[in-house]
Amino acid sequence: MAKPRVALFITCLADQFFPQVGESVVKILRRLDVDVVFNPEQTCCGQPAFNTGFRDEARSVARRVLDLFDDVEYVVAPSGSCSAMVRVFYSELFEDDPELLRKCHELQKRFFEFSEFLVKGLKVEDLGARFPHRVTYHDSCHLLRELGVDDAPRKLLRKVQGIDLVEMQDYRLCCGFGGTFSVKFPEVSVPMGQDKIRAATETGAEYLVAADGGCLMHLAGLIHRQGTALKTMHLAEILAQR
Amino acid sequence: MSDAGIHSDEIHQIGAETIANPRLEEAYRSSTLRLFTHRLSSVSAFPGFERLREAGREAKRHVIENLDYYLGQFADNVEGNGGKVHWAATGDEVCKIVVDIVRKAAAKEVVKAKTMVGEEVELNHALEAAQIRPIETDLGEFIIQLAGERPAHIVGPAIHKTRDDVSDLFVKHIKAERTNVPEELTAIARRALREMFQKAGVGISGANFAVAETGTVVTVENEGNIRMCTTFPRVHIALVGIEKLIPRLADLGVFMRLLGRSGTGQKLTTYTSLLTGPRRAGEDGPEEMHVVMVDNGRTKSLADPKMREMLYCIRCGACLNTCPVYRKIGGHAYGWVYSGPIGALVTPEFIGIGQARELPFASSLCGACREVCPVKINIPDMLLHLRSEAQADAPRPSGGPIPERAAFKLWAWAMRHPFVYRLGARLARWGQSAIAQKGWIRRIPSYPISNWTKERDFPALASQSFRERWKRL
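Residue numbers (the numbering used here), protein chains in the order written: chain A, 1 to 242; chain B, 1 to 473.
Don't read these hints as lab results, they were simulated from the structure.
Where a beta carbon is used, it is the ideal one built from N, C-alpha and C, also for glycine.
A hint or two may mislead.
Just a few of them, taken from the derived set where beta-carbon distance is under 10 angstroms, the chain A residues facing chain B [unchecked claim]: (1) Gln-20; (2) Lys-27; (3) Gln-42; (4) Pro-48; (5) Phe-50; (6) Thr-52; (7) Val-61; (8) Asp-71; (9) Phe-94; (10) Met-168; (11) Arg-172; (12) Lys-184; (13) Glu-187; (14) Gln-194.
Restricting the straight-line Cα-Cα distance to at most 25 angstroms, the calculated cross-link-like pairs of lysine-lysine (BS3-like) are [as the list claims (entries may be wrong)]: (15) B:Lys-306 x A:Lys-103; (16) B:Lys-438 x A:Lys-231; (17) A:Lys-27 x A:Lys-159.
Go ahead and model the full structure; you've got the sequences and the hints to work with.
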C-alpha cells in the first residue's frame with residue numbers, strides 16, 4: 001500500500017509564533033510513515049476577517065486555500081479553529097458560487113484537524129510518546145463544538161507513557177480567546193481566561209494542553225503576566241516527546 | 001440600569017462595571033450555575049431529549065415557514081371562542097391598543113404577569129403616561145419594578161439581586177420589616193400583591209405558546225400569579241409575539257417537556273394554564289379576553305432567511321445560563337430587554353443593527369448556546385452573519401487609529417501574496433527585537449494589540465518561522 005500523503009496546513013499562528021508545533025506534527029506523521037508535504041505558498045485560512053464580519057476579505061483569502069490544496073490526498077492542520085473554518089464556515093463563504101462550493105465541499109472531505117486525523121484517519125492512538133507529568137486538556141470550542149472532536153485528543157494523551165491525565169472543572173467551558181473577541185472584549189476575555197487557569201491549577205497539573213494555538217497564546221500570555229507556575233503546551237508537542 | 005431607552009452601545013462599560021462588582025458578579029455566577037446544573041441533570045435523566053429537540057425544532061420550523069396560515073387560523077379560533085384579536089405592527093401600537101382597552105374597562109390599576117413583549121414595547125411607561133398604574137406580580141418583575149430596572153434575565157428578571165438587595169428594596173418601597181429569609185420575603189410580596197389582584201380591573205399577561213388549532217393562549221409559571229392575572233380581573237389582555245404559535249394542541253407536549261427542563265430543570269413548571277376564550281356561563285374567568293398579536297420587528301426577521309431561525313426561540317433562557325460572556329457581564333450590559341446570546345441576536349434585529357453594533361461581537365463564538373438550545377438555533381452562525389451586517393452598515397469604523405475595514409483589506413491583500421506575508425513577518429521580527437524579552441512582549445501601544453497587552457503578555461514571533469525551518473526538516 002502506498003504511503004498516505006498529507007499536506008500540512010501549518011496555520012499562520014503556528015507558522016509565525018509556534019513553529020515547534022509544526023515540527024512536532026511533521027515528526028509524528030513521519031514516524032507513522034506518512035509522506036508529509038508543505039506548500040510554502042500557504043498563509044492564513046481567512047478566519048480573522050470572517051469572524052470580524054469582513055466576508056469579502058475572508059473569501060479572497062479562502063479561495064487561495066481551495067486552490068493550493070486541490071491535489072493532495074489529505075490536508076492536516078494543528079488547530080481545531082482553522083480546521084473548523086475550512087470544514088464548516090467555508091460552505092457559507094462560497095454558498096453563492098456553485099463551482100467554488102463544489103471545490104469547497106471536496107476539500108472539506110479531505111481536511112482534518114491533527115488529533116482527529118491520527119485517531120479517525122490513521123486509526124492510531126499510541127504514538128510511543130513519553131511525558132511523565134500531570135497534564136490537563138482544555139477543549140478548544142471550535143474543535144469541540146464545530147467539529148465534535150472531544151475524544152481523540154484524550155485517547156492520544158492516555159496512551160502517553162508516564163502521563164497523569166486529569167480533567168479540570170468545567171473543561172468544556174470556553175477560555176475566552178475567541179479570535180478578535182480577545183481584543184474587542186478584553187474586559188470579558190481576560191477574566192474568562194483567568195477562570196480557566198484557576199481550574200487547571202486546581203488539578204495540580206503542571207501542563208495545560210490544548211489543540212489550538214489561539215487558546216494557548218491567550219492563556220500563556222495571561223500565565224506569563226500573572227507569574228503562575230502552570231505551563232502550556234500544544235497537544236502535538238506532547239505527543240512528539242520521547 | 002434604567003428601565004427605558006436603548007443602551008446597547010454601553011455594553012463594554014456596563015459589562016465591566018458588573019465584572020468589577022463582587023456582589024453582582026457572584027449573583028450572576030451562582031444563579032446561572034444553579035440553573036445550568038439543574039438543566040443538565042434533568043436533561044440527562046430524560047433519554048429522548050435529543051429527539052425531543054429535533055421535534056421541537058421541526059414544529060417551529062414548520063410554523064414559522066407557514067406563519068401566515070397559522071396566524072389566520074389562530075385569530076379565527078380566538079374570535080370563535082369569544083375573544084377579540086388585535087394586530088399591532090409596532091410597539092407604539094401595542095401600547096395604544098392596551099391603553100384603549102384599559103380605559104374602556106375604566107380601570108385605574110392593572111395587574112401584570114411577566115411579559116417580555118411588554119418589556120420590549122415599554123408598556124409600563126405607556127400605562128403610567130395614561131394615568132394607569134401597572135403592578136408587576138411576578139416576584140422577579142415586582143422586584144425590578146421597585147428597583148426601576150430592566151429584566152436582567154429572560155426567565156429570572158431579578159436573577160442579579162441578592163436576598164439583601166431584595167430586602168433593601170422592600171424596606172424602602174413597601175415599608176416592610178427587614179429580613180433576608182427567602183420565605184419571609186416572598187410572604188411580604190404576596191401580601192402586597194394579593195390585594196391588588198382583587199382590586200385591578202384588567203390583567204395583562206404574555207404567552208408562552210399560542211395554539212393555532214384551538215385559539216388557546218398557554219402560560220407556564222411557578223408562582224400562580226399568571227393564573228391570578230388572567231382569571232381574577234374582569235378583562236384579560238394577552239400580548240403574543242407572532243412567533244409564539246404552535247400548530248396543534250398535540251405539539252404542546254413536546255414544548256412543555258423542552259421548556260421546563262431547559263429553563264429551570266423542571267419536568268413541568270408548577271402551573272400551566274391553557275386559556276381558551278373568556279369565561280362561559282357558569283365558569284370562572286374574565287368577561288373579556290383580548291389577544292394582541294405583536295409584530296414589532298418580527299416580520300423583518302421572518303423575511304430574512306439568514307435570521308428567520310431566531311424566531312424559533314421559546315425564551316427558556318438556557319443559552320444565557322450556559323454563556324460564559326453572559327455569566328460575566330450580566331443581562332443589563334446588553335442594553336435593552338433581551339440578553340445573553342439570544343439577546344445579541346434579537347436586539348439588533350428588533351431595534352436595528354445601528355443601535356446595537358457591538359452586540360454580535362460580544363461572544364467568543366464558543367457555541368455553548370447552540371448546544372443547550374431546545375430548538376437547536378444556530379446562534380453562533382447568526383452572530384457571525386450579524387457581524388457582517390454590522391460591518392456593512394458601519395458609518396465609520398469603530399475604535400482605533402486604523403479603520404478596521406481598511407486594516408482587514410490590507411491584511412487580506414498580504415495573505416493573498418505570500419511574499420508580502422513573509423516580508424511583513426520579517427519586518428515584525430525586526431521591530432520586536434527592541435521590545436521583546438525572553439520571548440514575550442509586555443506592552444504594544446497600538447490598537448488592537450494594546451487591548452491584549454493591558455492584562456496579558458504577547459508572545460514574540462519565533463526567531464524562525466515554520467516555513468523557514470521546513471527546509472531543514
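Do the hints match the structure? See the list:
1. Gln-20: holds (8 angstroms)
2. Lys-27: holds (8 angstroms)
3. Gln-42: It holds, given that the least Cβ distance between Gln-42 of chain A and chain B is near 8 angstroms, below 10 angstroms.
4. Pro-48: Holds. Min distance 7 angstroms.
5. Phe-50: holds (7 angstroms)
6. Thr-52: At 6 angstroms from the nearest chain B Cβ, Thr-52 of chain A passes the 10 angstroms test, so the hint holds.
7. Val-61: Check passed: Cβ of Val-61 of chain A comes within 5 angstroms of chain B, closer than 10 angstroms.
8. Asp-71: The hint is violated - Asp-71 of chain A has no Cβ within 10 angstroms of chain B, the shortest such distance being about 18 angstroms.
9. Phe-94: Hint violated; Phe-94 of chain A Cβ to chain B Cβ min 15 angstroms, cut 10 angstroms.
10. Met-168: violated (15 angstroms)
11. Arg-172: holds (8 angstroms)
12. Lys-184: OK, holds: Lys-184 of chain A within 10 angstroms of chain B, min 5 angstroms.
13. Glu-187: holds (4 angstroms)
14. Gln-194: With a minimum Cβ separation of about 9 angstroms from chain B (threshold 10 angstroms), the hint on Gln-194 of chain A holds.
15. B:Lys-306 x A:Lys-103: Distance ~23 angstroms between Lys-306 of chain B and Lys-103 of chain A Cα, so the pair holds.
16. B:Lys-438 x A:Lys-231: holds (15 angstroms)
17. A:Lys-27 x A:Lys-159: holds (17 angstroms)
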